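Participant: What follows is each chain in one-letter form.
Protein chains: 2
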Amino acid sequence: MKATVMYGAGDVRIENVPDARIIEPTDALVIVTRAAICGSDLWPYKGMRASEEGRRMGHEFIGIVEAVGADVRTIKVGDMVAAPFAWSDGTCIYCQEGLHTSCLHGGFWGGTKLDGGQGEAVRVPQADGTLYPLPVGRDDSLMPSLLTLTDVMATGHHAAVSARVGPGKTVAVVGGGAVGLCGVIAAKRLGAEQVILLDRHASRIALAKEFGATDIVSERGEEAVVRVRELTKGLGVQSVLECVGYDESTLTALSIARPGGAVGRVGVPQGEAMPAAMPTFFNNVTIAGGPAPARAYIAELLPDVLEGRIEPGRVFDWAGGLDQVPDGYRAMHAREAIKAIIAF
Amino acid sequence: MKATVMYGAGDVRIENVPDARIIEPTDALVIVTRAAICGSDLWPYKGMRASEEGRRMGHEFIGIVEAVGADVRTIKVGDMVAAPFAWSDGTCIYCQEGLHTSCLHGGFWGGTKLDGGQGEAVRVPQADGTLYPLPVGRDDSLMPSLLTLTDVMATGHHAAVSARVGPGKTVAVVGGGAVGLCGVIAAKRLGAEQVILLDRHASRIALAKEFGATDIVSERGEEAVVRVRELTKGLGVQSVLECVGYDESTLTALSIARPGGAVGRVGVPQGEAMPAAMPTFFNNVTIAGGPAPARAYIAELLPDVLEGRIEPGRVFDWAGGLDQVPDGYRAMHAREAIKAIIAF
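Residue numbers (our numbering), protein chains in the order written: chain A, 1 to 344; chain B, 1001 to 1344.
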């Protein structure tokens, strides 16, 4: 079968790899119908050390179940399924608490041992715990939005939940990439009154406004902090969604939270440290978040997608087939595209 | 009147200072009957740069109202009152939310402009918002426990609340000073099933056990992390109360939280930075806490003190008059005493 393999910074190839197949009795074999390229795929695209072995890529995909192992109980052959960006058994103490990304018997797609989503088929471990059946046909027009439930929409929602967004609250979203844009959707969906996007790219800003952002701050650093304060009666915001992960964006996020507020971090931290004292400690600002338990959120978000109340699939502004994946990486890296969807 | 003034590291003196008096119409004049020396008073005792002007000390006190300004409405002359470690107007947006330490018109005792609690009398700004009337006589046997409501018991409770302690949870308290010991009380009071104290001093450990600590970990650093994991089925604890503030204790606190857990920080951070990624981000560990809004907690904690269900006053193991205050600092600094109470 064909799949995406990364061999180093900027070096993404579509190659023939061993066919995905059932190995464990809890596995399912999924034929991929849609996949995506993630902002987090760009971190190795920028900095991965050259490797002869290569690394299988992709952790957001939807597909059709082709076969299941002997112990799979709920997932059936022929099911259209969404695969969250982490696989999980659905039964351990953390899965029971809704924190599937910390599953005691789970893990992440791709790398050197597992299939990735940017390929023709995937062996899915712990199929019953991992896969979420979708009540739609394979080329349903909602596919782009459904695909975001495997990562970016779930991640934006996690940022909002971690930042304690609720009715009437003031919110800031740091970073208007696909996750930040989904954070805007999530904040509005949870009842936020004011949603300030911090970003400077025209296409992102335009989409954020359509998603419900009420204010845009394009300044950076201390100027951004001043501007957010001006927009919030000098107080700062109650909820901050940190959707980037750089030191500067994290510092900005911590600095624009008002006393008693919360920062939901979902941007994978690229730096080593964050401030221990000012401003978070003395202002009793809570820092929460991490990898989103997408598997736990699909049930909550799915009806809003199916009934058209949210349209997170609009973050995809680049589409191609598997052979175009390397150009999708290039386009996202060059910021020509917000996010790429791959149709099989 | 006489009051405590610090002139530099290790240099604490009892001196004559101008009499406290009403200045603003919202002030009250309080004659101090009990005060305490705080672990946080030891930070300048260790490191304050020599100053000719000096710094008035003390932020935990109980006293009798001697006079009130023209605009004071609820506090009356003759009231026995507790003064939280921050003063606050009780009406601003943050006070209404219960975050009195961020009061828009509040502040902290002592320093170069205000009276401190370790003196014969104090001008109390924003008297109606700040002072909490106590239904007891001036030498009631509960005075030590009541005095802890002005800081350490409220702070231990804040750590527990910030760390989301609740019925049946596993809890660790990092640091067995007066705040940590009160954290043990708070954790048990909120229903924790397992309370692990991390400390190595015999007197603190003995008291923690009486307060309900179920396990003691005297190792430090990575060994402490391993030991806490052993005590918690390899998972780590759901709630961590960080009651020290050093880099090492903060790192330990972050490292022993289980995925999805929370760290309530109340030890004033002495370092610059804390880890941005591992272990908190990938484990979705929440970092919360800061200065405790003691004023907000007194109403909740007071009945338990009055009815003897909690005895936080047992953290005082040194007592003296105002003239002995310098020796109280010395004893606490030398770790001969956990906490000092001053009777006037």
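Warning: the hint list may mix true and false statements.
[Stated by the list, open to error] Footprint (simulated), chain A over chain B, 3 or more residues, beta carbon under 8 Å: (1) 1026-1040; (2) 1061-1070; (3) 1212-1225; (4) 1270-1278; (5) 1285-1296.
In short, the hints are calculated from the structure, not lab data. Note that the structure is a prediction, hence the values are computed from the model and not measured. Idealized CB from N, CA, C, for every residue including glycine.
Participant: So which of the earlier hints does this model not fit?
Facilitator: As far as the earlier hints go, 1, 2 and 3 are violated by this structure, in ascending order.
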